[in-house]
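Q: The chain contents come next:
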Amino acid sequence: MSVGSQPPQTNRIADEVVVITHEDVDRAHDRVRVSAARAQSGFFSGARLLWLLVGPGVLVMLGENDGPSMLSYAATGAKFGIGFFIPFVALTFCMAIVVQEMTVRLGAATHRGHAELIFDRFGPFWGWFSMIDLGIGNFLTLITEFIAIRAGLGFFGVPPWIAILIALVILYAALMSHRYWTWERITLAAAAFNLVFIPVALMTHPSWHAVSHSLITWQPLPGLNKDTLLIVLADIGATVTPWMLFFQQSATVDKGLTTKDIRFGRIDTVLGAALATAAAVATILATAPLFAHQMTADNFQAAEFAQALEPIIGRFGASLFALGMVEAGIVASITISTSSAYAFGEVTHKPHSLNLPMGQGKSFYSVLTLCAAAAAAIVLIPGLPLVYVVLLVNVVAVLAMPPALVFLFMLVNDREIMGDLVSPIWANVLSTGVVFILTAAGVLFGISVIAPNIFAALGGK
Amino acid sequence: MENKTRIAGSSSDLSSSDQSWVLSSLEHDQLARAKKHFIPRRHLKGPELVVLWALRVYLLFMMAVVCYQVWTAAR
Numbered sequence: 001m002s003v004g005s006q007p008p009q010t011n012r013i014a015d016e017v018v019v020i021t022h023e024d025v026d027r028a029h030d031r032v033r034v035s036a037a038r039a040q041s042g043f044f045s046g047a048r049l050l051w052l053l054v055g056p057g058v059l060v061m062l063g064e065n066d067g068p069s070m071l072s073y074a075a076t077g078a079k080f081g082i083g084f085f086i087p088f089v090a091l092t093f094c095m096a097i098v099v100q101e102m103t104v105r106l107g108a109a110t111h112r113g114h115a116e117l118i119f120d121r122f123g124p125f126w127g128w129f130s131m132i133d134l135g136i137g138n139f140l141t142l143i144t145e146f147i148a149i150r151a152g153l154g155f156f157g158v159p160p161w162i163a164i165l166i167a168l169v170i171l172y173a174a175l176m177s178h179r180y181w182t183w184e185r186i187t188l189a190a191a192a193f194n195l196v197f198i199p200v201a202l203m204t205h206p207s208w209h210a211v212s213h214s215l216i217t218w219q220p221l222p223g224l225n226k227d228t229l230l231i232v233l234a235d236i237g238a239t240v241t242p243w244m245l246f247f248q249q250s251a252t253v254d255k256g257l258t259t260k261d262i263r264f265g266r267i268d269t270v271l272g273a274a275l276a277t278a279a280a281v282a283t284i285l286a287t288a289p290l291f292a293h294q295m296t297a298d299n300f301q302a303a304e305f306a307q308a309l310e311p312i313i314g315r316f317g318a319s320l321f322a323l324g325m326v327e328a329g330i331v332a333s334i335t336i337s338t339s340s341a342y343a344f345g346e347v348t349h350k351p352h353s354l355n356l357p358m359g360q361g362k363s364f365y366s367v368l369t370l371c372a373a374a375a376a377a378i379v380l381i382p383g384l385p386l387v388y389v390v391l392l393v394n395v396v397a398v399l400a401m402p403p404a405l406v407f408l409f410m411l412v413n414d415r416e417i418m419g420d421l422v423s424p425i426w427a428n429v430l431s432t433g434v435v436f437i438l439t440a441a442g443v444l445f446g447i448s449v450i451a452p453n454i455f456a457a458l459g460g461k
Numbered sequence: 462m463e464n465k466t467r468i469a470g471s472s473s474d475l476s477s478s479d480q481s482w483v484l485s486s487l488e489h490d491q492l493a494r495a496k497k498h499f500i501p502r503r504h505l506k507g508p509e510l511v512v513l514w515a516l517r518v519y520l521l522f523m524m525a526v527v528c529y530q531v532w533t534a535a536r
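Protein chains in written order, with this note's numbering: chain A, 1 to 461; chain B, 462 to 536.
Be aware that one or more of the hints could be misleading.
Stated by the list, open to error - Facing chain A, according to a computed beta carbon distance under 10 Å, are these residues of chain B, among others:
1. D479
2. W482
3. I500
4. R502
5. M523
What the hints assert, rightly or not - Within a straight-line C-alpha distance of at most 30 Å, the following computed DSBU-like cross-link-like pairs (lysine-lysine) qualify:
6. K362(A) <-> K350(A)
7. K497(B) <-> K260(A)
8. K497(B) <-> K350(A)
9. K260(A) <-> K350(A)
10. K497(B) <-> K362(A)
Worth flagging that the hints you see were computed from the coordinates, not collected in a lab. The beta carbon of each residue, even a glycine, is placed where N, CA and C say it ideally should be.
Just need the whole structure built from these sequences, with the hints factored in.
A: Rendered as structure tokens:
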């Protein structure tokens, strides 16, 4: 049956009627360019192939360097300075690579999104559980993205409603192409601005001796207490969260990656993680002078971090910091609302692709825009407790991660759908380790809340 | 003369050579229509169900902890 009133374009392959849609034609154009680049040899054709195939990995990693994440890194630098958290953040991105690589393989092997596979393979009972986790997590995170945008533009005196409007216009402008490739390139260009935290860090003239010492020794260690655990969990939640699994797998499918492209999918993921680590570490370095000056970070919002840094790095540096927060919020609001729309389309079996024209993708684009608009509206409510909410959103993301990872683990080891692309033993050992680390971090956090005296007995505060 | 029909849900035309081009460029299960087919259900084994339920209980318990922390911080 065709979509709409026009007669469908059909063809018969292996006794099965195939209907060609607009989405298929767009994806075929992308695949033809990849095939042409692959057919040639030499450095430039290799570079062109990389250019054509990067996208989901870089977007998911830089997208996860979102408003709450950058705020967590800023709070980390301001509260603990240069030390344990710099290598720790690098480790969390290594965990993200392990997890996200599985979604690349899963998407390329099955051409199905993550939500769709969970529903089809494990049934709606478990499918709805994972969708509820994703839906709640995504919506809370979206709210915090708009908090970051509002706070970042607030540094320049932009009123909150105009700041939110600007963000929504950019989000909708990226969608207007109705073409995955164009959307991806626009969002990648915006995501590249995440690296603005690197020049900001350089402006603070960090002690490279202290940085290298911390990378080698993980010292100085922070005290073991509730505040430290909150930051530890917030920093983990700043790198591995459920929406990333759903987004990268769906984007891999929408981009049309096949099993031949898995190597480039891995490069894409590692490249994204490297860029995101650089931006995250730079943010910690940028706010480390606040720790050295004994300034408290307890009530800092995005704009207030920029204001606090202004005497140290000047108006230009502080403006870059605030703009970085705005970028982090905008890119993440695009990717997170897209992951919600993909998941909704997958479980309802409605068309779900950024290649869809508006007429064919009404439900997809409606979910995407409504999620973003609803979260944006909530941010305009006056008197929201911002920083605490932002840190807790990352904590909630970490807590929701183990169940999501177990589904991923089971799918990627399912030989019926993965064939020979099931995870090798080393990948299973690493991913099991990630599940244990996340669960242990969550349990420690729980103990620190319910029985804080235990930490005092262990020498913490 | 080449036979032309419309792309599903669109006013654009697609010639028969273009149809072949699209179909040869994509793997069969990459086509949007192929995604209408459900992947066969897999029955979960006992240990898998135990792990999934344990993690569900863990998540619910931890969410209660987060709510408790928010409540104590708000007081």
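Q: Against this structure, judge whether each hint is valid.
A: Okay, the hints, checked on the actual structure:
1. Annotation: D479(B) was flagged as interfacial toward chain A, and the flag holds, the nearest CB pair being 8 Å apart, inside 10 Å.
2. The closest approach between the C-beta of W482(B) and any C-beta of chain A is roughly 7 Å, which is under the 10 Å cut-off, so the hint is satisfied.
3. Using the Cβ-Cβ criterion of 10 Å, the hint placing I500(B) at the interface with chain A is satisfied: the shortest such distance is roughly 4 Å.
4. Interface restraint check: R502(B) against chain A, minimum CB-CB distance 6 Å, threshold 10 Å, status holds.
5. For M523(B), the shortest C-beta to C-beta distance to chain A is roughly 4 Å, which falls under 10 Å, so the interface hint holds.
6. Using a Cα cut-off of 30 Å, the hinted pair K362(A) and K350(A) holds, with the two alpha carbons roughly 9 Å apart.
7. For the given pair, K497(B) sits about 24 Å from K260(A) by alpha-carbon distance, which is consistent with the 30 Å threshold.
8. At most 30 Å may separate the alpha-carbon atoms for a hinted pair to count; K497(B) and K350(A) meet this at roughly 9 Å.
9. For the proposed pair K260(A) and K350(A), the alpha carbon gap of about 28 Å is at most 30 Å, so the pair holds.
10. For the given pair, K497(B) sits about 17 Å from K362(A) by alpha-carbon distance, which is consistent with the 30 Å threshold.
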